[in-house]
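Chain by chain, the residues run as shown.
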Amino acid sequence: MTIEWGWFPDHAGELARLTADHLATAVPAVLFGLLIALPLAVLAHRVRPLRGFVLGASNILYTIPSLAFFVLLLPVTGLTRTTAITGLTAYTLVVLVRNTVEGLDAVPASAREASKAMGTSTLRTLLTVELPLALPVIMAGVRVATVMSISLVSVASYIGYGGLGQLFTDGFQRNFPTPVIAGVALTLLLALVADAVLVTVQWLCTPWLRGTSRPHGASRLRGAFRPQRSSRPQSLESRKRA
Amino acid sequence: MIKFDAVSKRYPNGTTAVDGLSLDLPEGGVTVLVGSSGCGKTTTLRMVNRMVEPTSGTISVGGRDILETDAAELRRGIGYVIQQSGLFPHRTILDNIATVPLLLGWGRRKARARAAELLELVGLPADAGKRYPHQLSGGQQQRVGVARALAADPPVLLMDEPFGAVDPVVRTQLQNELLRLQEELRKTVVFVTHDIDEAVRLGDRIAVFRTGGRLVQCAEPAELLARPADDFVAGFLGAERGLKLLSLTDLADVPYAPGGEIRTDEPVGGIPRDGDRWRLVTSPRGEPLGWLDTDALPAGGTAGEAPLEPVRPLRDTDSLLSALNEAVSSPAAAVARVTADGVLTGLTSRDAIHERAGRSHAEAGRAAAAGPRTPEDAAPGTAEAATAEAATERPA
Numbered sequence: 001m002t003i004e005w006g007w008f009p010d011h012a013g014e015l016a017r018l019t020a021d022h023l024a025t026a027v028p029a030v031l032f033g034l035l036i037a038l039p040l041a042v043l044a045h046r047v048r049p050l051r052g053f054v055l056g057a058s059n060i061l062y063t064i065p066s067l068a069f070f071v072l073l074l075p076v077t078g079l080t081r082t083t084a085i086t087g088l089t090a091y092t093l094v095v096l097v098r099n100t101v102e103g104l105d106a107v108p109a110s111a112r113e114a115s116k117a118m119g120t121s122t123l124r125t126l127l128t129v130e131l132p133l134a135l136p137v138i139m140a141g142v143r144v145a146t147v148m149s150i151s152l153v154s155v156a157s158y159i160g161y162g163g164l165g166q167l168f169t170d171g172f173q174r175n176f177p178t179p180v181i182a183g184v185a186l187t188l189l190l191a192l193v194a195d196a197v198l199v200t201v202q203w204l205c206t207p208w209l210r211g212t213s214r215p216h217g218a219s220r221l222r223g224a225f226r227p228q229r230s231s232r233p234q235s236l237e238s239r240k241r242a
Numbered sequence: 001m002i003k004f005d006a007v008s009k010r011y012p013n014g015t016t017a018v019d020g021l022s023l024d025l026p027e028g029g030v031t032v033l034v035g036s037s038g039c040g041k042t043t044t045l046r047m048v049n050r051m052v053e054p055t056s057g058t059i060s061v062g063g064r065d066i067l068e069t070d071a072a073e074l075r076r077g078i079g080y081v082i083q084q085s086g087l088f089p090h091r092t093i094l095d096n097i098a099t100v101p102l103l104l105g106w107g108r109r110k111a112r113a114r115a116a117e118l119l120e121l122v123g124l125p126a127d128a129g130k131r132y133p134h135q136l137s138g139g140q141q142q143r144v145g146v147a148r149a150l151a152a153d154p155p156v157l158l159m160d161e162p163f164g165a166v167d168p169v170v171r172t173q174l175q176n177e178l179l180r181l182q183e184e185l186r187k188t189v190v191f192v193t194h195d196i197d198e199a200v201r202l203g204d205r206i207a208v209f210r211t212g213g214r215l216v217q218c219a220e221p222a223e224l225l226a227r228p229a230d231d232f233v234a235g236f237l238g239a240e241r242g243l244k245l246l247s248l249t250d251l252a253d254v255p256y257a258p259g260g261e262i263r264t265d266e267p268v269g270g271i272p273r274d275g276d277r278w279r280l281v282t283s284p285r286g287e288p289l290g291w292l293d294t295d296a297l298p299a300g301g302t303a304g305e306a307p308l309e310p311v312r313p314l315r316d317t318d319s320l321l322s323a324l325n326e327a328v329s330s331p332a333a334a335v336a337r338v339t340a341d342g343v344l345t346g347l348t349s350r351d352a353i354h355e356r357a358g359r360s361h362a363e364a365g366r367a368a369a370a371g372p373r374t375p376e377d378a379a380p381g382t383a384e385a386a387t388a389e390a391a392t393e394r395p396a
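Each protein sequence line maps, in turn, to chains G and R.
Heads up: the first sequence begins at 1 in full-length UniProt numbering, then just goes up one per residue.
Heads up: the second sequence begins at 1 in full-length UniProt numbering, then just goes up one per residue.
Read the hints as simulated data drawn from the structure, not as lab findings.
Since the structure is predicted, the reported quantities are computational estimates derived from the model, not experimental observations.
One thing to keep in mind: the hints can contain errors.
[As the list claims (entries may be wrong)] Below 20 Å or equal to it, Euclidean Cα-Cα: the simulated SDA-like pairs (lysine to any residue) are: (1) Lys116/G x Gly105/R; (2) Lys116/G x Glu73/R; (3) Lys116/G x Gly77/R; (4) Lys116/G x Lys130/R; (5) Lys130/R x Leu102/R; (6) Lys3/R x Val52/R; (7) Lys130/R x Leu204/G; (8) Lys3/R x Asp204/R; (9) Lys116/G x Thr92/R; (10) Lys116/G x Leu43/G; (11) Lys130/R x Leu43/G; (12) Lys116/G x Pro89/R; (13) Lys130/R x Leu209/G; (14) Lys110/R x Asp95/R; (15) Lys130/R x Thr128/G; (16) Lys116/G x Asp204/R.
[Unchecked claim] Below, a sample of chain G positions facing chain R; criterion: calculated Cβ distance under 10 Å: (17) Gly6; (18) Ala16; (19) Thr19; (20) Glu113; (21) Ala114; (22) Met118; (23) Gly119; (24) Thr120; (25) Ser121; (26) Pro132; (27) Leu133; (28) Leu135; (29) Thr206.
Backbone N, C-alpha and C fix where the C-beta goes; we use that ideal spot for every residue, glycine too.
Just chain G, with the same shape it has in the complex:
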């Protein structure tokens, strides 16, 4: 298998376009995922009986094969980017909902209690005490969800919105490995860069955790997804075993 280096300069423009395209599918998926997961998780955290239902539902969504998902969505949203984003959003929920619930669980009861006892409203306590303290665990979920979305975008190439995944189809059809390798390398690079950006954002948002070897709440996490073992299939399998 040889790489034809000459292919790259000729296709630089296309690669840039596909990378942008890739991000235009993956990033909104995570953002919409967060928008849906946060209220769901707060609800699941507050109302105990709903917890199993919410977590179960997000798990079930995840078990639907991605291709089948797109096929099911086609009659509703057609051959559009919306279809690709909707599918990916659904997949991010399994991580984002669970991690947000776990993050809220890990907030020290004394902090929540003190906030209430000082006359802070429930909503303000959620926004200014609970969510900031849950942030490290939520961000861990966001990192996993982001890397997962970036790797899953290629599946949407069947409906024409695969971003760098288009290169795979292209290479396979023509039995020409260079675009496939380029696609894999760029997807990997994109995932690494996105993860680094998120780590930086988290660092900026959590000044209280800097210079501590014992991050708040980390020891209490039971089922949260952590980026350290972020490769998606492994995480899920280890969860199933547990």
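Given chain G's structure and the hints, the job is docking chain R onto it.
Chain R alone, transformed into the frame defined by chain G:
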């Protein structure tokens, strides 16, 4: 200031946390709620700021029925300190302290300035304000907890076992600090503890609760120790309650006599061997250094070079209990008394301390008997008796 009227708290599962509590807490005093676990003392405390709502009865703070006050508004007017400090791990010390002022809409600048003021008040260095809670020791965190509770200058302070999680040395420091602050601020404090010594140390009044949420007795510490209402209270106070009573009396009016002390630079040759066996050796400034055994004087040298038995000098503010302790352990059977600067004023004999201790007990017993309650009210073991006292007594 805080008035409980026939207050009960029952949970749906049938447990009664607080049963028919009537209690009137006077303004500006420290009332300590004590009792074993599950006796309802914490529930009682938490009902004051509506963290727990009573099932029946009324509670008023400053004359207002708390159930008719908006819960958040009520809580902003009541300082609250909890055991694990309850500090917000994600906020700096200064921002932690400024929490309630910010909720009250003081504006960031004014709230921060107030927080810095409080940091100093509770004895923390100014640079601690920029740190995060996990960077402070347990004792320091607890000080911040107190500062945060005081930030908006609330008239009422609720403290739920605030010093329960720190080591004994730090706990004593924090207790002293609280007494100092209270001297200055005169808040109405409700303090929950299961430590009877802490209660005796801090309380202007002590309310003893029994399992099942019943108030058994509420009285000033001396009265409680001298005349426990029943066997339960006596048992809770412990076998040493007579000694605890002595911890409430200081040495100011205990007489002392000239000590016949020896300066360190006096040669031992000049010390008579036929007088008192133990002589106190002091520094040139007059600070007691130790007891010299005149039966075992070295052949030569000065008093300061001879072997000395240790002495622990006591000031007028020290308690009779510590004097008794020192008198028992001193080889001379006497206590060295010093000024606030540590200069010897004289000696008090063990007998004089015993005599004063006996008188303390008699006085406490008489004071308790002369109280406003009638013998019927004093029937032991009833919450009503304690209530009657609570309603009529003023703190000393």
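Hint check results:
1. Taken as a hint, the Lys116/G and Gly105/R pair is honoured in the structure, with Cα atoms around 17 Å apart against an allowance of 20 Å.
2. A hinted pair counts as satisfied when its Cα atoms are at most 20 Å apart, and Lys116/G with Glu73/R qualifies at roughly 11 Å.
3. Straight-line distance between C-alpha atoms of Lys116/G and Gly77/R comes to about 13 Å, which keeps the hinted pair within the 20 Å bound.
4. Restraint check for Lys116/G and Lys130/R: the C-alpha separation of about 24 Å exceeds 20 Å, so the hint is violated.
5. Only pairs whose Cα atoms come within 20 Å are accepted, and Lys130/R paired with Leu102/R is accepted, the gap being roughly 17 Å.
6. For the proposed pair Lys3/R and Val52/R, the alpha carbon gap of about 16 Å is at most 20 Å, so the pair holds.
7. Among the hinted pairs, Lys130/R with Leu204/G is consistent with the structure: their alpha-carbon atoms are about 17 Å apart, no more than 20 Å.
8. Proposed proximity of Lys3/R and Asp204/R is supported: the alpha carbons are some 17 Å apart, at most 20 Å.
9. Of the supplied pair hints, the one linking Lys116/G and Thr92/R holds, its CA atoms being roughly 19 Å apart against a limit of 20 Å.
10. For the hint pairing Lys116/G with Leu43/G, the CA-to-CA distance comes to about 18 Å; that is within 20 Å, so the pair holds.
11. With a C-alpha separation of about 35 Å, the suggested pair Lys130/R and Leu43/G falls outside the 20 Å cut-off, and the hint is violated.
12. Restraint check for Lys116/G and Pro89/R: the C-alpha separation of about 15 Å stays at or below 20 Å, so the hint holds.
13. A threshold of 20 Å between alpha carbons decides the hint, and for Lys130/R with Leu209/G the separation of about 14 Å falls inside it, so the pair holds.
14. A C-alpha spacing of about 12 Å is found between Lys110/R and Asp95/R, which places the hinted pair at or below 20 Å, so the restraint holds.
15. Of the pairs offered as hints, the one joining Lys130/R and Thr128/G holds, with about 19 Å between alpha carbons and a cut-off of 20 Å not exceeded.
16. Pair hint Lys116/G plus Asp204/R does not hold up; C-alpha atoms about 29 Å apart against a cutoff of 20 Å.
17. Nearest Cβ of chain R to the Cβ of Gly6/G: about 54 Å, over the 10 Å cut. The hint is violated.
18. Given hint, Ala16/G at the interface with chain R, is violated; its Cβ is 40 Å from that chain's nearest Cβ, farther than 10 Å.
19. For Thr19/G, the shortest C-beta to C-beta distance to chain R is roughly 36 Å, which exceeds 10 Å, and the interface hint is violated.
20. A least Cβ separation of about 6 Å between Glu113/G and chain R falls short of the 10 Å threshold, and the interface hint therefore holds.
21. For Ala114/G, the interface hint holds, since its Cβ comes within 10 Å of a Cβ in chain R; the closest pair sits about 3 Å apart.
22. With a least beta-carbon distance of about 5 Å to chain R, the hint placing Met118/G at the interface is held under the 10 Å criterion.
23. The interface hint given for Gly119/G is met, as the beta carbon of that residue sits about 4 Å from the closest beta carbon of chain R, less than 10 Å.
24. The criterion of a C-beta within 10 Å of any C-beta in chain R is met by Thr120/G, whose closest approach is roughly 6 Å, and the hint holds.
25. For Ser121/G, the interface hint holds, since its Cβ comes within 10 Å of a Cβ in chain R; the closest pair sits about 6 Å apart.
26. Interface restraint check: Pro132/G against chain R, minimum CB-CB distance 5 Å, threshold 10 Å, status holds.
27. For Leu133/G, the interface hint holds, the least distance from its beta-carbon to any beta-carbon of chain R being 6 Å, beneath 10 Å.
28. The beta carbon of Leu135/G comes within 8 Å of a beta carbon in chain R, closer than 10 Å, and the hint placing it at the interface holds.
29. Interface restraint check for Thr206/G: the shortest CB-CB distance to chain R comes to about 7 Å, inside 10 Å, so the restraint holds.
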